[in-house]
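J.: Taking the hints into account, I'd like the entire structure generated from these sequences.
Number of protein chains: 2
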Amino acid sequence: MMSTGIMITSTANVKVKRLAALQKKKRLRKEEGVFLVEGIRMFREVPPKRVSEIYVSEAFYKKERDTLKKVLEGTGIEAELLSDQVFDYVSDTKTPQGVLCVVKRKEYTLEEILRCGSPFFLVLDNLQDPGNVGTIIRTAEGAGVTGIILSADSADVYNPKTIRSTMGSVYRVPFCYEENIPDVMDVLNGAGVHTFAAHLDGKCDYDEADYRHPCAFLIGNEGSGLRKEVAEKAGEYVRIPMLGHVESLNAAAAAAVLMFEAARQRRK
Amino acid sequence: MMSTGIMITSTANVKVKRLAALQKKKRLRKEEGVFLVEGIRMFREVPPKRVSEIYVSEAFYKKERDTLKKVLEGTGIEAELLSDQVFDYVSDTKTPQGVLCVVKRKEYTLEEILRCGSPFFLVLDNLQDPGNVGTIIRTAEGAGVTGIILSADSADVYNPKTIRSTMGSVYRVPFCYEENIPDVMDVLNGAGVHTFAAHLDGKCDYDEADYRHPCAFLIGNEGSGLRKEVAEKAGEYVRIPMLGHVESLNAAAAAAVLMFEAARQRRK
Chain V
235 MMSTGIMITS
245 TANVKVKRLA
255 ALQKKKRLRK
265 EEGVFLVEGI
275 RMFREVPPKR
285 VSEIYVSEAF
295 YKKERDTLKK
305 VLEGTGIEAE
315 LLSDQVFDYV
325 SDTKTPQGVL
335 CVVKRKEYTL
345 EEILRCGSPF
355 FLVLDNLQDP
365 GNVGTIIRTA
375 EGAGVTGIIL
385 SADSADVYNP
395 KTIRSTMGSV
405 YRVPFCYEEN
415 IPDVMDVLNG
425 AGVHTFAAHL
435 DGKCDYDEAD
445 YRHPCAFLIG
455 NEGSGLRKEV
465 AEKAGEYVRI
475 PMLGHVESLN
485 AAAAAAVLMF
495 EAARQRRK
Chain H
235 MMSTGIMITS
245 TANVKVKRLA
255 ALQKKKRLRK
265 EEGVFLVEGI
275 RMFREVPPKR
285 VSEIYVSEAF
295 YKKERDTLKK
305 VLEGTGIEAE
315 LLSDQVFDYV
325 SDTKTPQGVL
335 CVVKRKEYTL
345 EEILRCGSPF
355 FLVLDNLQDP
365 GNVGTIIRTA
375 EGAGVTGIIL
385 SADSADVYNP
395 KTIRSTMGSV
405 YRVPFCYEEN
415 IPDVMDVLNG
425 AGVHTFAAHL
435 DGKCDYDEAD
445 YRHPCAFLIG
455 NEGSGLRKEV
465 AEKAGEYVRI
475 PMLGHVESLN
485 AAAAAAVLMF
495 EAARQRRK
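One line per chain: the protein sequences are V and H, in this order. So that you can map any letter, position 147 of the first sequence is 381 in my numbering, and since no number is skipped, the others follow by simple counting. So that you can map any letter, position 186 of the second sequence is 420 in my numbering, and since no number is skipped, the others follow by simple counting.
Don't read these hints as lab results, they were simulated from the structure. Hints may contain errors.
Chain H side only, calculated, beta carbon under 10 Å to chain V, not exhaustive [claimed, not checked]:
1. E314
2. V379
3. H479
4. V491
Straight line, CA to CA, 27 Å or less: simulated DSS-like cross-link-like pairs of lysine-lysine [to be verified]:
5. H/K395 to V/K259
6. H/K283 to V/K328
7. V/K260 to V/K340
8. V/K395 to H/K258
9. V/K297 to V/K260
10. H/K297 to H/K259
From the three backbone atoms N, C-alpha and C, an ideal C-beta is built for every residue, glycine too.
T.: What follows is the structure, encoded as structure tokens:
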């Protein structure tokens with residue numbers, strides 16, 4: 235059996251109401267220790283052990299039986315069938331693809347993140363844009379980042395928009411939220427991690443520093459940059475040289491430039 | 235006189251209706267040859283000659299008289315005063331900053347873009363996300379790009395979200411829309427511009443190519459990448475090496491990595 239066989243056709247259904255609430259409420263997602271993923275791609279890449287529920291639209295169920303079967307295999311989970319209209323109601327996207335999973339979170343501690351082989355970290359200080367955070371996680375996986383530490387006041391990684399922007403990297407890049415980022419910086423510096431902040435006061439260009447050692451990049455808020463108390467803890471300030479009248483790059487673009495320079499050096 | 239002195243207090247006002255329509259309708263913006271910019275930063279950076287109208291909220295008028303005076307100087311323009319409520323109505327943002335300008339477009343032709351000193355171009359093929367297009371324009375200015383050519387089916391640069399994401403670079407980076415990108419590629423190749431496509435089939439890593447000559451990067455659609463007929467015209471395929479399970483980067487992140495590698499080489 236791939237589905238429970240009974241189709242939910244009302245938005246007043248208690249399961250439907252809960253899904254809609256999970257889409258919107260960070261607190262509820264946290265309480266349940268889950269997040270929602272939508273779309274066929276995110277569905278295909280979900281680690282089977284972490285799937286807790288699957289909802290499909292009638293249209294999806296008819297068209298994508300094989301994909302569904304493959305992902306369900308060995309999970310012991312049956313998909314819940316929603317009418318297309320009800321699916322549209324619970325979806326966070328404008329053009330729903332007809333599949334939505336409730337996925338169990340995998341939490342890391344700072345200690346676990348620090349214990350990796352060749353440390354390459356990102357520290358995100360008060361990043362606010364969910365799309366930026368998602369894009370950074372995706373870029374980070376591509377660049378070989380081993381862990382991401384976010385300040386507690388950063389955007390929620392489990393926000394549906396963030397999840398989408400990660401294109402699946404959220405399943406694979408270890409991350410944790412920490413209340414006190416200056417303390418985290420002390421821990422990193424104490425552990426021999428070279429910490430770099432992209433900063434207008436940087437004395438050397440970002441491509442002149444050596445990132446082949448254990449290293450971490452600090453990325454600050456989209457509008458106001460790094461908080462002073464965080465920037466102060468950085469071992470080195472580096473500058474991304476700008477032409478034209480540009481003062482700074484978008485946070486995700488700056489992070490991409492820095493991470494791929496580190497990846498470039500580490501490949502050589 | 236800094237303002238006309240009469241405050242518009244009704245959303246039924248004909249000027250207000252037109253502004254609301256300009257926010258939403260690409261076609262109308264095009265017909266009038268204008269775009270809207272919001273926020274104090276975009277307002278400060280607007281080239282005075284290109285301002286055609288300025289609207290301010292009552293709150294902004296009281297608080298930012300000096301800024302307003304400075305930008306209006308020599309333009310012969312008087313700001314129109316809107317009640318805070320009416321301003322909220324015409325604003326495209328959730329937390330309006332109280333200033334909105336109607337700015338005249340500056341159109342470039344492909345020929346003008348090609349005539350620059352040391353060519354460094356971007357070709358955006360069917361980019362769809364307004365935020366991506368805006369971020370790319372901002373990053374491009376910082377990297378020293380001399381002109382951007384967008385396929386006619388790409389997102390509208392004059393979309394309010396795109397404008398915001400450029401952080402002012404939209405005033406300064408020459409760009410044009412072209413119907414036939416394969417033809418543009420022929421023109422570029424014929425003019426001795428080295429054209430590079432980031433592609434999974436790339437034979438060399440992106441940092442192994444030489445970008446110190448006249449060059450252009452091709453960036454494709456967020457979901458489907460470069461169209462075959464465009465990719466075929468690229469002089470060289472380069473690869474951005476990926477770790478983990480990442481197939482490709484977000485278009486704006488990939489563009490940032492490529493453009494700043496070119497900028498790095500051009501600085502040396």
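J.: Are the hints correct? Go through all of them and say.
T.: Tested hints:
| no. | hint | verdict |
| --- | --- | --- |
| 1 | E314 | 28 Å, violated |
| 2 | V379 | 9 Å, holds |
| 3 | H479 | 6 Å, holds |
| 4 | V491 | 4 Å, holds |
| 5 | H/K395 to V/K259 | 25 Å, holds |
| 6 | H/K283 to V/K328 | 40 Å, violated |
| 7 | V/K260 to V/K340 | 16 Å, holds |
| 8 | V/K395 to H/K258 | 23 Å, holds |
| 9 | V/K297 to V/K260 | 32 Å, violated |
| 10 | H/K297 to H/K259 | 31 Å, violated |
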